[in-house]
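Produce the complete structure using the sequences and hints provided.
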Amino acid sequence: MADKRALISDIHSNLEGLEAVLADIAAQQISEIYCLGDIIGYGPNPRECIDLVMQCKICLLGNHDQGALFDPEGFNSGAERAIFWTRDQLESAGGNPRENARRWDFLGELPRNHSENGFLYVHGSARNPLNEYVFPEDIYNQRKMEKIFALIEQHCFQGHTHVPGVFTEGLRFIGPEEIDGAFELGREKTMTNVGSVGQPRDGDPRSCYVIVEGETLRFRRVEYDVEKTVKKIYDTPELDNFLGDRLREGR
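Residues in the sequence shown are numbered from 1 upward in steps of one, following the numbering used here.
Simulated from the structure, these hints should not be mistaken for laboratory data. A few of these clues could be false.
Simulated restraints on C-beta separations [said to hold, decoys possible]:
1) N128 x S77: 22 to 28 angstroms
2) G181 x K228: 22 to 28 angstroms
3) T216 x E153: 17 to 23 angstroms
4) G181 x A23: 14 to 20 angstroms
Virtual Cβ for every residue (Gly too), placed ideally from N, Cα, C.
Written out as structure tokens, the structure reads:
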């Protein structure tokens, strides 16, 4: 395992959030970035976000990325409308054919998981890398958690719920605020949700990502120009205003 890497997830076409996080990563002289999926969907800048994520060392497929490539399944009406608009942006609107093809090729080649040295990286869960949510309250669903942990060699990193924190095999969920943002990985198996760059849902509107250095992981919160992103969403009729409103409250 490399000495230091940044783990980002759930960008959701939020260019301002992504640029702020990438700047924060660069300021700490971290060059290895792993993206755990959902580059696009919901937000107003899919093309620009894909272009920036192409610099990541590893990038995984998220359910919204797959929804744009194929057909969105299980999406609510607002998310579905956003995916169809996103697909239009990637196919024609405002982009040249060569760049559009390059972005589609990039999305189409994304893997569903990545593993190395006992570390597993997915978008959803070890059991269903694309679509399974693991929420904090799932610590009370022993059967579900045991089945997922059985598929993890040592430590798993994921996104999808947009709620950061560490799950332990002993059925604890530890939020970043409980540990002053830092956690030491040990022998006990863990699942870590790295939070969301582009659409936090834990009541904190700041972008969230994780740095892993040796056996220590640290949650980072980064402020960005939320109102700029909100205005872009409001100015796009195909994107529901709610998708902008929720950014202000981190929900």
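Notebook entry, point to check: Against which earlier hints does the structure fall short, listed by number upward?
Noted result: Violated hints: none at all, because every hint is consistent with the structure.
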